[in-house]
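J.: Join the two chains, each given in its own frame, into one complex according to the hints.
Residues per chain, in single letters:
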Amino acid sequence: GDSVTQMEGPVTLSEEAFLTINCTYTATGYPSLFWYVQYPGEGLQLLLKATKADDKGSNKGFEATYRKETTSFHLEKGSVQVSDSAVYFCALSGAAGNKLTFGGGTRVLVKP
Amino acid sequence: GAGVSQTPSNKVTEKGKYVELRCDPISGHTALYWYRQSLGQGPEFLIYFQGTGAADDSGLPNDRFFAVRPEGSVSTLKIQRTERGDSAVYLCASSLMGGPNTGELFFGEGSRLTVL
Chain A
1 GDSVTQMEGP
11 VTLSEEAFLT
21 INCTYTATGY
31 PSLFWYVQYP
41 GEGLQLLLKA
51 TKADDKGSNK
61 GFEATYRKET
71 TSFHLEKGSV
81 QVSDSAVYFC
91 ALSGAAGNKL
101 TFGGGTRVLV
111 KP
Chain B
1001 GAGVSQTPSN
1011 KVTEKGKYVE
1021 LRCDPISGHT
1031 ALYWYRQSLG
1041 QGPEFLIYFQ
1051 GTGAADDSGL
1061 PNDRFFAVRP
1071 EGSVSTLKIQ
1081 RTERGDSAVY
1091 LCASSLMGGP
1101 NTGELFFGEG
1111 SRLTVL
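The listed protein sequences correspond, in order, to chains A and B. Everything in the first sequence is counted per the working numbering, starting at 1 for the first residue and increasing by one. Everything in the second sequence is counted per the working numbering, starting at 1001 for the first residue and increasing by one.
So that you can see chain B by itself, here it is in the shape it has in the complex (with noise of 0.2 angstroms):
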């Protein structure tokens, strides 16, 4: 598909465990970003990167959360010791170029976390 495509869809684990969400941004889009969407709330910022490294980080709630993209394409959110509290859709967004000031942002159906 030409969308953004992220897997799993749904995910449900215990606390305690590590998970990994996956994201494959639009072919040849240079911009990446996590967010997270807490029941009734809005996305928030976790992460952007431009190409391979991240360019604004500041959006990770703490330690146990970390996103690569080794390669510029597709990226990976880990989340360690996962916590109740972390249960969310966690969505993906990617963009041709730059910000959202610059381009579009093109955003997948999301993968919902849940932590029992």
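Extracted from the complex, chain A is given alone in its bound form (with noise of 0.2 angstroms):
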């Protein structure tokens, strides 16, 4: 079946860091590909996403490219803020496009 595996953490960063959270996915056929933020207190929140191959998400400086030939979606961000404090999840959703599969999670610390 499908399955995500992202990097364990806690990532801890000093302000103004780079950022690079690893993930790698299991599925048949052509998964479109998400990036997941959970903040303090809130709930899961779109952050980018990509559906094709080479295809590359981006939103709040944070980049992920849609890699096949290494079955990945790597997260990254280049000058990371205190507000990026949080919990990443990897997902993805199969062919069927019902739902999503997440990863573990990924929680990132962000010291100013």
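No lab work stands behind these hints, which were simulated from the structure alone. Bear in mind that the values here come from a model prediction, so they are computed numbers and not experimental data. Don't take each hint at face value.
[What the hints assert, rightly or not] Here are the simulated distance ranges between beta carbons:
| id | chain 1 | residue 1 | chain 2 | residue 2 | range |
| --- | --- | --- | --- | --- | --- |
| 1 | B | Val1074 | A | Gln45 | 21 to 29 angstroms |
| 2 | B | Thr1052 | A | Asp54 | 17 to 25 angstroms |
| 3 | A | Glu42 | B | Glu1044 | 14 to 22 angstroms |
| 4 | B | Gly1085 | A | Thr28 | 23 to 31 angstroms |
| 5 | A | Gly78 | B | Gly1072 | 30 to 38 angstroms |
| 6 | A | Ser14 | B | Gly1072 | 33 to 41 angstroms |
| 7 | A | Lys68 | B | Phe1066 | 36 to 44 angstroms |
Glycine is no exception: its CB is placed at the ideal position from the N, C-alpha and C atoms.
T.: See below:
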């Protein structure tokens, strides 16, 4: 079945540092890929998505590129802020498109 | 409010009891999802409604879990004979139409269930 694996946290960074969160997936066919973010005390929110190979999703300074050859969708941000402290979830939607399959989440803490 | 609303936000119950968790989706959203999130893990799919019908209930772990959406809006997740392993945050999400490939899912803040 479909699955998503992402790096375990917590990841602790200083403000303005570069952030990478690795995500790889297993799926049949051509899934759509997503990053969701959960800020403290809030519900999950869509951060960005990509629906086909080589697509790049971007939002709020975050980027991720759909790499079919390596089955990866790594999240990157060039200069993090304290407000980026949150839990980040990689997810996929398979061929049926009925549901999201999530990774385990990566907690990111940005210190001033 | 305009977002997905879930009640109660916290529920503590004893092993063996029956619980109901309610989800009020964004007005006009036809698709509704229930997920379960255990501590330190990602959300796990339970069930997906399109309108009043369950389009995919493959994630319900056993027959103690049941969900309804009788009028195509509010949904209730029902858990019978609760067990300690049912303790988790239960998340609800809605989207305007169809699955995540066709529209963004909007999540509520969840109902935290603790079974003693």
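J.: Hint by hint, note whether the structure agrees.
T.: Hints versus structure:
Between valine 1074 of chain B and glutamine 45 of chain A the C-beta distance comes to about 22 angstroms, which sits within the given range of 21 to 29 angstroms. For the pair threonine 1052 of chain B and aspartate 54 of chain A, the supplied restraint of 17 to 25 angstroms is violated, since their beta-carbon distance comes to about 39 angstroms. One distance hint, 14 to 22 angstroms for the beta-carbon pair glutamate 42 of chain A and glutamate 1044 of chain B, holds here, with the actual separation near 20 angstroms. Our hint of 23 to 31 angstroms for glycine 1085 of chain B and threonine 28 of chain A holds, since their Cβ atoms are close to 30 angstroms apart.
The supplied range of 30 to 38 angstroms is broken by glycine 78 of chain A and glycine 1072 of chain B, whose beta-carbon atoms lie about 44 angstroms from each other. A C-beta distance of roughly 49 angstroms is found between serine 14 of chain A and glycine 1072 of chain B, which places it outside the suggested range of 33 to 41 angstroms. Separated by about 39 angstroms at the C-beta atoms, lysine 68 of chain A and phenylalanine 1066 of chain B satisfy the suggested range of 36 to 44 angstroms.
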